[in-house]
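**Q** Sequence:
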Amino acid sequence: MGSQGLGSYSLMGGIYPPQRPVTPRHPRHPGNRAIASRFMSGVSIILSLLLAVVMVASAAMDFRGAPQVVDLVARMGRLPGFERTLGLIKILGALGLLIGLAIPMLGVLAALGLTIYFALAVRIHSRLGDSTAETAPAIGLFAVSALTLLTRFFA
Numbered sequence: 180m181g182s183q184g185l186g187s188y189s190l191m192g193g194i195y196p197p198q199r200p201v202t203p204r205h206p207r208h209p210g211n212r213a214i215a216s217r218f219m220s221g222v223s224i225i226l227s228l229l230l231a232v233v234m235v236a237s238a239a240m241d242f243r244g245a246p247q248v249v250d251l252v253a254r255m256g257r258l259p260g261f262e263r264t265l266g267l268i269k270i271l272g273a274l275g276l277l278i279g280l281a282i283p284m285l286g287v288l289a290a291l292g293l294t295i296y297f298a299l300a301v302r303i304h305s306r307l308g309d310s311t312a313e314t315a316p317a318i319g320l321f322a323v324s325a326l327t328l329l330t331r332f333f334a
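The number in this note's numbering is simply the position in the sequence shown, starting from 1, with 179 added.
Note that these hints are calculated values from the structure, not bench results. Just so you know, these numbers come straight off a predicted model, no measurement behind them. Note that the Cβ used here is the ideal one computed from N, Cα and C, for glycine as well. All the given hints hold, so there is nothing to weed out.
Pairwise CB distance ranges, derived in the manner of DEER restraints:
1) Phe218 with Ala253: 43 to 51 Å
2) Met219 with Arg254: 35 to 43 Å
3) Gly221 with Ala253: 38 to 46 Å
4) Ala298 with Ala236: 17 to 25 Å
5) Arg217 with Gly256: 43 to 51 Å
6) Ala322 with Leu271: 14 to 22 Å
Sequences are here, hints too, so could you generate the full structure?
**A** Here's what the structure looks like:
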């Protein structure tokens, strides 16, 4: 009675299909998902380093008071010295990207912050009526920061 005599038969009267043994993947052939993850991780590191270097260079221009930055701040209607605040934001973003190589969530947040920063920069340039040539650096850095965010998020 009960479950006696069921053996390898199912309750519905059929025979279970033979079980295939689960074999671990070879370390040199981890599968497509692992290869894609490694690729994204490598791209993420390269983009993070590139963006951090560009942010430090851009912040140096802000701290030195480059004429084009001072002019932009004046046209925005901000007080003189606001360019140093912009430089500080860029330095913090660069530090977040670099420290984010060891603490991944910090890198994602830094990339998100820089993406928002440059989205706002593009918006400000367009509101001020700047030409495409004047807006191009902000558009390019928005694209690089958004790409960095995507690769860091999916790596």
